[in-house]
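Visitor: Kindly produce the complete structure, drawing on both the sequences and the hints.
If you want the working numbering, it's the 1-based position in the sequence shown plus 1484.
This list has only true hints and no planted wrong ones.
Listed below are the simulated SDA-like cross-link pairs for lysine to any residue, each with C-alpha atoms no more than 25 Å apart in a straight line: (1) Lys1607 to Trp1542; (2) Lys1764 to Leu1749; (3) Lys1764 to Ile1704; (4) Lys1546 to Ile1614; (5) Lys1546 to Leu1694; (6) Lys1695 to Leu1706; (7) Lys1552 to Phe1611.
Calculated from the structure, these hints are not laboratory results.
Nothing here was measured: the structure is a model prediction, and the numbers come from that model.
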Amino acid sequence: MKIFQNISVLKTALLISALPLSMLLLGKDAGRLVQIVSMDPAYSHIMVIPFISAFFLWRGRKSFLSEKGNKIGLVFALCAVAGVFILNLFQIGESVSLTLKVTGVIVAISGLFVSFWGWTGLKKSLFSFIFLLLAIPIPPGVLNSIVGFLQWGSAVMVDFLYLVVGQSYLRDGNEFHLDTISIFIAPECSGIRSTMALIITGAVAVELYLKRWPLKVFMIALIIPLSLLKNAIRIFTITMLAQHINQSFLTDSFLHHSGGVVFYLIVLAIFFPLLLVLSKIENRATLSPVSASDGSKPTQKTIDNNVAR
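Guide: Encoded structure:
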(Lines of atoms letter the chains of each structure in order from A and count residues from 1; the text may use other names and numbers.)
(Lines give C-alpha, C1' and ligand atoms only; values in the text may rest on other atoms or scores of the structure.)
Protein backbone atom coordinates (compact mmCIF):
# COMPACT_ATOMS: atom_id res chain seq x y z
CA MET A 1 0.00 0.00 0.00
CA LYS A 2 2.83 2.38 0.88
CA ILE A 3 4.48 1.64 -2.47
CA PHE A 4 1.37 2.77 -4.35
CA GLN A 5 1.13 5.86 -2.16
CA ASN A 6 4.78 6.72 -2.85
CA ILE A 7 4.22 6.28 -6.59
CA SER A 8 1.22 8.62 -6.47
CA VAL A 9 3.25 11.19 -4.57
CA LEU A 10 6.09 10.89 -7.10
CA LYS A 11 3.70 11.32 -10.03
CA THR A 12 2.12 14.35 -8.39
CA ALA A 13 5.54 15.88 -7.69
CA LEU A 14 6.61 15.35 -11.31
CA LEU A 15 3.43 16.97 -12.63
CA ILE A 16 3.79 19.96 -10.31
CA SER A 17 7.46 20.41 -11.23
CA ALA A 18 6.52 20.24 -14.92
CA LEU A 19 4.41 23.39 -14.60
CA PRO A 20 7.24 25.89 -13.93
CA LEU A 21 9.69 23.93 -16.10
CA SER A 22 7.28 24.22 -19.02
CA MET A 23 7.99 27.96 -19.13
CA LEU A 24 11.49 27.08 -20.36
CA LEU A 25 9.93 25.60 -23.49
CA LEU A 26 8.69 29.04 -24.51
CA GLY A 27 12.24 30.29 -25.02
CA LYS A 28 12.37 34.03 -25.73
CA ASP A 29 8.58 34.17 -25.77
CA ALA A 30 8.53 33.56 -22.01
CA GLY A 31 9.65 37.16 -21.48
CA ARG A 32 7.05 38.38 -23.97
CA LEU A 33 4.34 36.45 -22.11
CA VAL A 34 5.33 38.08 -18.82
CA GLN A 35 5.33 41.47 -20.53
CA ILE A 36 1.84 41.27 -22.01
CA VAL A 37 0.39 39.79 -18.81
CA SER A 38 1.81 42.65 -16.73
CA MET A 39 1.11 45.48 -19.18
CA ASP A 40 -2.01 44.62 -21.20
CA PRO A 41 -5.30 44.48 -19.22
CA ALA A 42 -6.80 42.14 -21.82
CA TYR A 43 -4.25 39.46 -20.83
CA SER A 44 -3.84 40.13 -17.11
CA HIS A 45 -6.09 37.19 -16.22
CA ILE A 46 -3.54 34.69 -17.57
CA MET A 47 -1.41 34.82 -14.42
CA VAL A 48 -4.16 33.40 -12.18
CA ILE A 49 -5.41 30.63 -14.48
CA PRO A 50 -2.70 27.99 -13.73
CA PHE A 51 -3.15 28.46 -9.97
CA ILE A 52 -6.92 28.00 -10.18
CA SER A 53 -6.51 24.91 -12.38
CA ALA A 54 -3.97 23.50 -9.92
CA PHE A 55 -6.38 24.15 -7.04
CA PHE A 56 -9.17 22.15 -8.70
CA LEU A 57 -6.74 19.35 -9.55
CA TRP A 58 -5.68 19.17 -5.91
CA ARG A 59 -9.28 19.44 -4.72
CA GLY A 60 -10.34 16.46 -6.83
CA ARG A 61 -7.16 14.41 -6.49
CA LYS A 62 -8.87 11.51 -4.68
CA SER A 63 -11.02 10.86 -7.74
CA PHE A 64 -8.09 10.14 -10.10
CA LEU A 65 -5.01 9.15 -8.05
CA SER A 66 -6.01 5.47 -8.13
CA GLU A 67 -6.44 5.43 -11.92
CA LYS A 68 -3.93 3.63 -14.14
CA GLY A 69 -1.79 5.57 -16.58
CA ASN A 70 -1.82 5.31 -20.35
CA LYS A 71 1.45 5.37 -22.30
CA ILE A 72 -0.18 7.13 -25.25
CA GLY A 73 -0.31 10.23 -23.06
CA LEU A 74 3.48 10.33 -22.98
CA VAL A 75 3.50 10.20 -26.80
CA PHE A 76 1.21 13.25 -26.91
CA ALA A 77 3.41 15.05 -24.39
CA LEU A 78 6.63 14.35 -26.32
CA CYS A 79 5.03 15.37 -29.63
CA ALA A 80 3.85 18.64 -28.08
CA VAL A 81 7.30 19.36 -26.64
CA ALA A 82 8.87 18.60 -30.03
CA GLY A 83 6.38 20.94 -31.68
CA VAL A 84 7.29 23.78 -29.32
CA PHE A 85 11.01 23.19 -29.95
CA ILE A 86 10.40 23.35 -33.70
CA LEU A 87 8.52 26.65 -33.28
CA ASN A 88 11.56 28.02 -31.43
CA LEU A 89 13.70 27.28 -34.49
CA PHE A 90 11.57 29.24 -36.95
CA GLN A 91 10.74 32.94 -37.10
CA ILE A 92 6.98 33.42 -37.30
CA GLY A 93 4.68 36.15 -36.06
CA GLU A 94 5.25 36.84 -32.35
CA SER A 95 1.59 36.70 -31.39
CA VAL A 96 0.91 33.49 -33.33
CA SER A 97 4.13 31.93 -32.03
CA LEU A 98 3.21 32.68 -28.42
CA THR A 99 -0.31 31.30 -28.85
CA LEU A 100 0.94 28.07 -30.44
CA LYS A 101 3.71 27.58 -27.88
CA VAL A 102 1.43 28.02 -24.86
CA THR A 103 -1.07 25.66 -26.49
CA GLY A 104 1.75 23.15 -26.96
CA VAL A 105 2.75 23.47 -23.31
CA ILE A 106 -0.83 22.78 -22.19
CA VAL A 107 -1.04 19.75 -24.49
CA ALA A 108 2.27 18.49 -23.07
CA ILE A 109 1.06 18.84 -19.47
CA SER A 110 -2.24 17.15 -20.36
CA GLY A 111 -0.36 14.30 -22.05
CA LEU A 112 1.86 13.87 -19.00
CA PHE A 113 -1.26 13.71 -16.84
CA VAL A 114 -2.75 11.01 -19.08
CA SER A 115 0.49 9.02 -18.92
CA PHE A 116 0.19 9.02 -15.12
CA TRP A 117 -3.58 8.59 -14.60
CA GLY A 118 -5.03 7.66 -17.97
CA TRP A 119 -7.96 8.99 -19.95
CA THR A 120 -10.33 8.18 -17.09
CA GLY A 121 -8.29 10.37 -14.77
CA LEU A 122 -8.35 13.15 -17.36
CA LYS A 123 -12.11 12.83 -17.69
CA LYS A 124 -12.50 13.14 -13.92
CA SER A 125 -10.33 16.28 -13.95
CA LEU A 126 -11.70 17.70 -17.19
CA PHE A 127 -12.66 21.10 -15.77
CA SER A 128 -9.09 21.86 -14.69
CA PHE A 129 -7.73 21.29 -18.18
CA ILE A 130 -10.57 23.08 -19.98
CA PHE A 131 -10.11 26.01 -17.61
CA LEU A 132 -6.36 25.97 -18.30
CA LEU A 133 -7.13 26.87 -21.93
CA LEU A 134 -7.93 30.39 -20.71
CA ALA A 135 -4.18 30.79 -20.19
CA ILE A 136 -3.63 30.71 -23.97
CA PRO A 137 -2.92 34.27 -25.17
CA ILE A 138 -5.55 35.31 -27.70
CA PRO A 139 -3.98 36.53 -30.98
CA PRO A 140 -4.50 40.30 -31.49
CA GLY A 141 -6.67 39.76 -34.58
CA VAL A 142 -9.03 37.45 -32.70
CA LEU A 143 -8.98 39.73 -29.65
CA ASN A 144 -9.96 42.71 -31.81
CA SER A 145 -12.92 40.72 -33.15
CA ILE A 146 -14.01 39.87 -29.61
CA VAL A 147 -13.69 43.51 -28.54
CA GLY A 148 -15.70 44.54 -31.61
CA PHE A 149 -18.45 42.09 -30.65
CA LEU A 150 -18.52 43.44 -27.09
CA GLN A 151 -18.76 47.01 -28.43
CA TRP A 152 -21.64 46.05 -30.71
CA GLY A 153 -23.45 44.04 -28.02
CA SER A 154 -23.11 46.87 -25.51
CA ALA A 155 -24.46 49.34 -28.09
CA VAL A 156 -27.49 47.12 -28.75
CA MET A 157 -28.32 46.93 -25.04
CA VAL A 158 -27.74 50.67 -24.50
CA ASP A 159 -30.12 51.25 -27.41
CA PHE A 160 -32.72 49.09 -25.66
CA LEU A 161 -32.29 50.88 -22.31
CA TYR A 162 -32.77 54.28 -23.95
CA LEU A 163 -35.98 53.02 -25.55
CA VAL A 164 -37.25 51.68 -22.22
CA VAL A 165 -36.88 55.04 -20.43
CA GLY A 166 -38.04 57.08 -23.42
CA GLN A 167 -34.75 58.91 -23.95
CA SER A 168 -34.58 60.63 -27.34
CA TYR A 169 -31.38 59.88 -29.27
CA LEU A 170 -29.84 59.16 -32.63
CA ARG A 171 -27.64 56.11 -33.13
CA ASP A 172 -24.91 55.67 -35.72
CA GLY A 173 -23.22 52.32 -35.16
CA ASN A 174 -21.49 52.58 -31.78
CA GLU A 175 -22.17 56.33 -31.54
CA PHE A 176 -25.12 57.81 -29.66
CA HIS A 177 -26.23 61.42 -29.95
CA LEU A 178 -28.49 62.58 -27.11
CA ASP A 179 -30.00 66.02 -26.55
CA THR A 180 -26.90 67.64 -25.06
CA ILE A 181 -24.15 65.01 -25.29
CA SER A 182 -22.70 62.52 -27.75
CA ILE A 183 -20.87 59.32 -26.85
CA PHE A 184 -18.88 56.66 -28.68
CA ILE A 185 -18.47 53.15 -27.28
CA ALA A 186 -14.74 52.81 -27.90
CA PRO A 187 -12.70 49.58 -27.66
CA GLU A 188 -11.52 50.77 -24.23
CA CYS A 189 -15.19 50.81 -23.16
CA SER A 190 -15.95 47.31 -24.46
CA GLY A 191 -15.55 45.70 -21.03
CA ILE A 192 -13.14 42.99 -22.21
CA ARG A 193 -11.31 42.86 -18.89
CA SER A 194 -14.46 42.67 -16.77
CA THR A 195 -15.88 40.07 -19.17
CA MET A 196 -12.85 37.83 -18.60
CA ALA A 197 -13.19 38.39 -14.85
CA LEU A 198 -16.85 37.36 -15.03
CA ILE A 199 -16.00 34.26 -17.07
CA ILE A 200 -13.36 33.20 -14.54
CA THR A 201 -15.55 33.94 -11.51
CA GLY A 202 -18.58 32.29 -13.10
CA ALA A 203 -16.68 29.19 -14.22
CA VAL A 204 -15.20 28.66 -10.76
CA ALA A 205 -18.58 29.15 -9.07
CA VAL A 206 -20.31 26.82 -11.52
CA GLU A 207 -17.73 24.08 -10.92
CA LEU A 208 -18.14 24.43 -7.15
CA TYR A 209 -21.95 24.42 -7.09
CA LEU A 210 -23.15 22.37 -10.06
CA LYS A 211 -22.52 18.77 -11.11
CA ARG A 212 -24.29 18.30 -14.45
CA TRP A 213 -22.54 19.55 -17.58
CA PRO A 214 -25.69 20.89 -19.32
CA LEU A 215 -26.36 23.19 -16.37
CA LYS A 216 -22.69 24.20 -16.23
CA VAL A 217 -22.65 25.10 -19.92
CA PHE A 218 -25.90 27.04 -19.59
CA MET A 219 -24.64 29.14 -16.68
CA ILE A 220 -21.28 29.86 -18.31
CA ALA A 221 -23.02 30.82 -21.58
CA LEU A 222 -25.25 33.16 -19.57
CA ILE A 223 -22.17 35.14 -18.54
CA ILE A 224 -21.80 36.74 -22.00
CA PRO A 225 -25.22 38.48 -22.13
CA LEU A 226 -24.85 39.39 -18.45
CA SER A 227 -21.49 40.99 -19.19
CA LEU A 228 -22.99 42.96 -22.08
CA LEU A 229 -25.83 44.04 -19.80
CA LYS A 230 -23.35 45.14 -17.14
CA ASN A 231 -21.45 47.29 -19.60
CA ALA A 232 -24.65 48.72 -21.05
CA ILE A 233 -26.02 49.65 -17.61
CA ARG A 234 -22.77 51.42 -16.81
CA ILE A 235 -22.81 53.41 -20.07
CA PHE A 236 -26.52 54.16 -19.68
CA THR A 237 -26.12 55.34 -16.08
CA ILE A 238 -23.17 57.61 -16.85
CA THR A 239 -24.84 59.15 -19.90
CA MET A 240 -28.11 59.76 -18.06
CA LEU A 241 -26.25 61.50 -15.23
CA ALA A 242 -24.29 63.56 -17.76
CA GLN A 243 -27.45 64.40 -19.71
CA HIS A 244 -29.59 65.47 -16.76
CA ILE A 245 -27.17 66.50 -13.98
CA ASN A 246 -23.60 67.32 -15.04
CA GLN A 247 -21.58 66.50 -18.13
CA SER A 248 -18.48 65.94 -15.99
CA PHE A 249 -19.85 62.44 -15.27
CA LEU A 250 -18.57 61.52 -18.75
CA THR A 251 -14.97 62.46 -18.08
CA ASP A 252 -14.29 63.03 -14.40
CA SER A 253 -16.37 60.84 -12.12
CA PHE A 254 -16.00 57.75 -9.97
CA LEU A 255 -18.43 55.81 -12.16
CA HIS A 256 -16.39 56.59 -15.26
CA HIS A 257 -12.96 55.73 -13.84
CA SER A 258 -13.66 53.11 -11.16
CA GLY A 259 -17.35 52.30 -11.34
CA GLY A 260 -16.80 48.96 -13.03
CA VAL A 261 -16.68 47.20 -9.65
CA VAL A 262 -20.14 48.51 -8.74
CA PHE A 263 -21.75 47.16 -11.91
CA TYR A 264 -19.71 43.96 -11.66
CA LEU A 265 -21.30 43.33 -8.27
CA ILE A 266 -24.74 44.03 -9.73
CA VAL A 267 -24.24 41.27 -12.30
CA LEU A 268 -23.00 38.88 -9.62
CA ALA A 269 -26.17 39.69 -7.67
CA ILE A 270 -28.11 38.35 -10.66
CA PHE A 271 -25.85 35.39 -11.44
CA PHE A 272 -25.33 33.86 -7.99
CA PRO A 273 -29.00 33.62 -6.87
CA LEU A 274 -29.82 31.79 -10.11
CA LEU A 275 -26.79 29.54 -9.60
CA LEU A 276 -27.87 28.70 -6.04
CA VAL A 277 -31.43 27.94 -7.16
CA LEU A 278 -30.16 25.55 -9.84
CA SER A 279 -27.80 23.97 -7.32
CA LYS A 280 -30.65 23.31 -4.88
CA ILE A 281 -32.84 21.85 -7.63
CA GLU A 282 -29.95 19.63 -8.74
CA ASN A 283 -29.25 18.46 -5.18
CA ARG A 284 -32.90 17.61 -4.57
CA ALA A 285 -33.00 15.56 -7.76
CA THR A 286 -29.80 13.75 -6.73
CA LEU A 287 -30.85 13.09 -3.13
CA SER A 288 -34.44 12.01 -3.85
CA PRO A 289 -34.90 8.39 -2.61
CA VAL A 290 -35.44 5.56 -5.06
CA SER A 291 -39.06 4.56 -4.63
CA ALA A 292 -40.40 1.05 -4.65
CA SER A 293 -42.86 -0.08 -7.31
CA ASP A 294 -45.80 1.01 -5.12
CA GLY A 295 -44.23 4.42 -4.58
CA SER A 296 -43.12 3.74 -1.00
CA LYS A 297 -39.63 3.19 0.36
CA PRO A 298 -39.01 -0.46 1.36
CA THR A 299 -38.68 -1.03 5.11
CA GLN A 300 -35.95 -3.02 6.84
CA LYS A 301 -38.52 -5.68 7.77
CA THR A 302 -39.50 -6.17 4.13
CA ILE A 303 -35.84 -6.48 3.16
CA ASP A 304 -35.22 -9.07 5.90
CA ASN A 305 -38.23 -11.14 4.76
CA ASN A 306 -36.99 -11.08 1.17
CA VAL A 307 -33.55 -12.24 2.29
CA ALA A 308 -35.07 -15.05 4.37
CA ARG A 309 -36.99 -16.30 1.36
